[in-house]
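Undergrad: The whole structure should be built from the sequences, with the hints applied where relevant.
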Amino acid sequence: MSRKYDNKTISFCPEGRLRQVEYALESIRNGNSVIGIKTNSGIVLASDKSMSNTLGENNIYSDRIFLIDNHIFCVTTGAGPDAHILINHARLQTQLYKQIYQDLIPVKKLVNVLCDIKQQFTQSGGKRPYGTSFVFGGWDSFFGFQLFRTDPSGNYSGWKAVAIGINSILNQSILNEEAKNCLDIYSAIGTIVKIYSKKISKINLSQYIDLVTLRRDDLNNILYHRFNDEEIDSLYMKV
Amino acid sequence: MSRKYDNKTISFCPEGRLRQVEYALESIRNGNSVIGIKTNSGIVLASDKSMSNTLGENNIYSDRIFLIDNHIFCVTTGAGPDAHILINHARLQTQLYKQIYQDLIPVKKLVNVLCDIKQQFTQSGGKRPYGTSFVFGGWDSFFGFQLFRTDPSGNYSGWKAVAIGINSILNQSILNEEAKNCLDIYSAIGTIVKIYSKKISKINLSQYIDLVTLRRDDLNNILYHRFNDEEIDSLYMKV
Amino acid sequence: MSRKYDNKTISFCPEGRLRQVEYALESIRNGNSVIGIKTNSGIVLASDKSMSNTLGENNIYSDRIFLIDNHIFCVTTGAGPDAHILINHARLQTQLYKQIYQDLIPVKKLVNVLCDIKQQFTQSGGKRPYGTSFVFGGWDSFFGFQLFRTDPSGNYSGWKAVAIGINSILNQSILNEEAKNCLDIYSAIGTIVKIYSKKISKINLSQYIDLVTLRRDDLNNILYHRFNDEEIDSLYMKV
Amino acid sequence: MSRKYDNKTISFCPEGRLRQVEYALESIRNGNSVIGIKTNSGIVLASDKSMSNTLGENNIYSDRIFLIDNHIFCVTTGAGPDAHILINHARLQTQLYKQIYQDLIPVKKLVNVLCDIKQQFTQSGGKRPYGTSFVFGGWDSFFGFQLFRTDPSGNYSGWKAVAIGINSILNQSILNEEAKNCLDIYSAIGTIVKIYSKKISKINLSQYIDLVTLRRDDLNNILYHRFNDEEIDSLYMKV
Amino acid sequence: MSRKYDNKTISFCPEGRLRQVEYALESIRNGNSVIGIKTNSGIVLASDKSMSNTLGENNIYSDRIFLIDNHIFCVTTGAGPDAHILINHARLQTQLYKQIYQDLIPVKKLVNVLCDIKQQFTQSGGKRPYGTSFVFGGWDSFFGFQLFRTDPSGNYSGWKAVAIGINSILNQSILNEEAKNCLDIYSAIGTIVKIYSKKISKINLSQYIDLVTLRRDDLNNILYHRFNDEEIDSLYMKV
Amino acid sequence: MSRKYDNKTISFCPEGRLRQVEYALESIRNGNSVIGIKTNSGIVLASDKSMSNTLGENNIYSDRIFLIDNHIFCVTTGAGPDAHILINHARLQTQLYKQIYQDLIPVKKLVNVLCDIKQQFTQSGGKRPYGTSFVFGGWDSFFGFQLFRTDPSGNYSGWKAVAIGINSILNQSILNEEAKNCLDIYSAIGTIVKIYSKKISKINLSQYIDLVTLRRDDLNNILYHRFNDEEIDSLYMKV
Amino acid sequence: MSRKYDNKTISFCPEGRLRQVEYALESIRNGNSVIGIKTNSGIVLASDKSMSNTLGENNIYSDRIFLIDNHIFCVTTGAGPDAHILINHARLQTQLYKQIYQDLIPVKKLVNVLCDIKQQFTQSGGKRPYGTSFVFGGWDSFFGFQLFRTDPSGNYSGWKAVAIGINSILNQSILNEEAKNCLDIYSAIGTIVKIYSKKISKINLSQYIDLVTLRRDDLNNILYHRFNDEEIDSLYMKV
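Chains as they are written, first to last, in the UniProt record's numbering: chain U, 1 to 239; chain A, 1 to 239; chain D, 1 to 239; chain R, 1 to 239; chain B, 1 to 239; chain E, 1 to 239; chain Z, 1 to 239.
Incorrect hints may appear among the rest.
[What the hints assert, rightly or not] No farther apart than 30 Å at their CA atoms in a straight line, the calculated lysine-lysine pairs in the DSSO-like style are these:
no., chain 1, residue 1, chain 2, residue 2
1, E, K180, Z, K199
2, E, K108, B, K109
3, A, K49, U, K109
4, D, K180, R, K160
5, E, K108, Z, K49
6, A, K127, A, K108
7, B, K160, E, K49
These are calculated hints, taken from the structure and not from any lab test.
TA: Here it is, written out as structure tokens:
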């Protein structure tokens, strides 16, 4: 009976739920696995690579990790093309904010703007929700390092450590236990490598995951770093 | 037979009702529990936290309580992203009013404007109603402290004490008996803590509810205060 | 078979009727009860309060009675949010007329404009009819005191005494007999109190009905008066 | 099988007919009865009053007879609110014509413009036909007195004597025999009174019908006259 | 199975046909009978009158024959209101052409423009085809006298003698034999009268048909003439 | 099961095909037969006449063959009114090109532009594909004589000899064998006459086909020639 | 049950997938076979010709290979007309970039822009996805030679060697083994010829495939070369 309510974005089903949004969430549960951990010294985000063929060149052209500005970056899961559109919005908003206020956009402000866009696509007819979730990591002078996840519905929430995409329930439960031990960025990397290496061959880890960090150096500069293959492979050694 | 009338916002069913609006109400009945009490000395609003995971950082980033202006704030239940959009409208209207009339917007005026927006989404095609209810608390020089609830249909009503969201029927019936004893803001806080503590572990109350007050000090300034964790936990001691 | 014609505003059913408009009327038959009586010395309008909870503060914030201008007011039944939108239109038209013609808008002119708006929502696709009926009372120099009712279809008609909303058929039949005895505004109030007191406890009448009058004083000023609780309760004494 | 073609304005059914237009016509066959007779000395139009309650004040506020300009008036049957919208168009066109050509609009020209508007609502999607028919009476210097009927389809036709609305078939057949005897405006009034008095109590005829005439006086002025109650009741005496 | 393709203007059925256009053609097959004959000395067009009642005044107000400009006229069958709209377009285009080129619009150019409009209504959604066919007669300096028929699909074709509307198949077959004998405009009129008089009483022919001619006089002026009742009745005498 | 995918232009069926486009192609397979042959000395295009009645004057007013510019012409099959619209586009583009570049539009460029228009009508909602195919013949200084066919989908392809419309499969197979013998324009005409004369009476060939050629004279001028009846009939003599 | 979700572009099915996009992909799996190989010295792209008739002139007018700018070209498979539209966009963007930045557009930037356009047609109502995939080959100063494939969903990915269209699974698996041996552009051509020659007669290879290369000469100029028939045929000799 509920079939009448699920193929239109704009109508509630009798239980008061929006089916299209729930179906969009379903597409994310099968997307690439993303894990983010926030520590006092910085943020670590990782995603497994959706490499289906050995000839693909995902290394250089990863479309899962985006640097929005020097102090904000994100990892996406779900529909890649949808994510691109939202990233375009995010980068534009970031620059507009800089132009108007002569300051960096606060992390939560950016998440807020993006989620308002997502909400529009759950309420107006003739559209479908964006089938993509993000984990945003960033730093601003108001709240320091912050980690947010956003959903196709336009919901967002702050986290200490979060996992989305495939196996997210399992990964999140591991995080629940491990996150308290992640005192600094290096132990956080170790936790992430541990989670991923349970499912994939351990030797050439760099073929399976992307890894990025955002941290402050001693001069309080915010530094974004994307790990190259050698760095990732050497990580495994350390663990 | 009635199934034909419920998946379009814009049509009445034969009994003269709008099904989509009723379904939107249903989503609110399962939302977070919100309780508001108006006393002579001020207003208390509380909401339980929809914390699903211990790693979530809902404290800093609560998206349930919004300060519209210094003299008006609100708590929402139901679809969070929908609430954000309406809050944007509310804040804009508040500033526009200030700019035009050089005065604070009266509480009822603001509620009125928001509900007219809500109504539009129940009458025009290609849209769905906003799936969110608010409890507004505020003060103005015309009617003093005021407490309003608004519904997805665009209906609003003034209250002495009101409960919406999950368990609202039970909570409202408790309020019906207790509200007459809430002579000042402190006894109102006590009543609210009593209602919530029936359902949750009593010790770390601050993990489960948010609490805000609006009151006048001796100089007749309107003061908005959001309770931090220590304050909330200590509340329980007092009760 | 007729089910195909009723969920679209814009199509006639084979019997030449607009089902959506009839369903909207149905929502009014279950709305609050409104009674209006026109006498030579003025107009009395009353509505029962839709008070569902003792904590509600309907007194101050009644959304059923609206003063459009000093010489025109109305009582509504049916969907409150729809009524608000139309009241906004009415007040705007009233002021526009004043600005253009430097005169008060005639009662029928205002009713006319509102009903043209209502008609639009019964003819264009992607909309639903306004689910609200009004009883307008007013005075102008052309026809003196006038009493109109309007329907969701955009129909309006002039009356000496009229009842809409729940129990309207019974109330109207009582009016048919009593209206001829309503020689002045005081006997009209008595008739209205008599009708309502049949259904509700007689003592605290003020909790159940709102009552407003429009009359001329000896200097021919048009005076609008909304009865407060004491006045309403004392009314019952007199009856 | 034909059910697929009737709930959309814009599509032909396999027999090449527009069902929505036919259903709109159906609503007119149940409307108030309108009779018009054209004589050499003027035009008489009459309509029965749709008075459902003795308290209604249909006399002053009849919404069935409209004076478009000094030389053109009309009587409508079917959906009253639809008629109002078209009357607004008609009055606007009449004044526009006056402004542009410094002359009175010819009767047929006005009918033409209105019917083009009606046609639009039978061809474009998202609309329904206007559910109203008119009998227009008027005088211009080209063709003298003229009597037109218009239909929801946008069809119009000239007549010597015409009946629309309820009982139109019977009334038209009476007219077919009687119209040739209507040499002047007075015998035409007599014929109309005779037709109506067959169905209603004869004594207070004024409670049941409205009657208007358009005629030329000896100075060739075009005079519009709406009969008041006494005049109508006295008419019956004469018959 | 083909029922899915016929209630939308804009889609082909599997056989590659547009059902809506075919249904519109059906409405024309039941319209008034139109006959046109082209001779060297001019063009004759005739239509039977759709007189349903003896009181109707179709003579003066025929809505079947339209003079577009001094050198082009047409007769329509099918939906009258649709024809009016297209005639408005035709007259506008005719004047625009005159204004731009300082010359009379060629007959085929006008037919072309009208048919392009018709085509639009068979391709865009939310519209239905114009349910009307025309027979255009005209003269221009390029091709002399010309006779065109147009269809709801936007098709048009040139003819020596053509019949559309009810009985068109029979009438066309008669024309196929008789047309070669129509050497001048007078024999063409005789042929037309002969065809119509088979179906209607012969005496008062003028009550049943309209007849117009376009011819050149000895000074090569193009003369349009509409026959009045006496002329039509006398025609029968001659036949 | 596939029935759900064919009555909307804009959706793919599960096999990845667009049904509406295929149905539009079907309408072309039943259209008039068009044959085109390209030789070194020029291009010959022919179409059978869709003459249904001996009184029709298709000669002068053929709507199958269009001269776009002096160096490009085309023959159409399928829905005539659709073709007219596209021809309007083609002529406009041709003149725009001339105005901008001071040169003749290349044949392929024109075909390209037209097919982009066709494509739009297969992708946007609320439209249907153009139900018409063209064979374009033309000459430009880049590629000399060229022969293109276009389809409702927006596909086009270059050919040495091509047949579309009814019997196109048979005709194309004949062309496959004969085309290699068409060394010059005269033998190409012979081949075309041979193909058509198999199906129609041979004597008055001019009543059944239209024939046009595009060739270069000795001064390298591009000459378009439409054969009149005598020329066509004499062609048969030669064959 | 899933049938409800597949004929609307804009809705997710319960598994979180977009059926329309998957159906569009299906149309590509049956399109012409495209193979691309990237080597250190350049890129080779090939497509089989969709030649259905020996009279077709696909050589000159291939609509499968497009040169976007001197340093970027692409081969398409699937719906040709859709590809044309996107190519128009690509060329426009390329020139715009040049105008704004006075530099060649980077390959990935162009792919990015095109895929954002593709994404729009998977999210907005009233549209269908573009039914076409591309293999882009190009060179820029950032990443040297690059090979991308794009999908109707708006997804794109970088490759060393890629096969799309019919037999793409088989071809890709061959490439997986052979690509590592493609050290330079000549061995890449050999691999491609080997793959195609398994399915087609080996002698006149030029009738079956198109072949283009992009390489750098000794002066570091980027050279685009389309092989003519002789070159292709001679290729086979070498293999």
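Undergrad: Hints broken by the structure, by number, lowest first?
TA: 4
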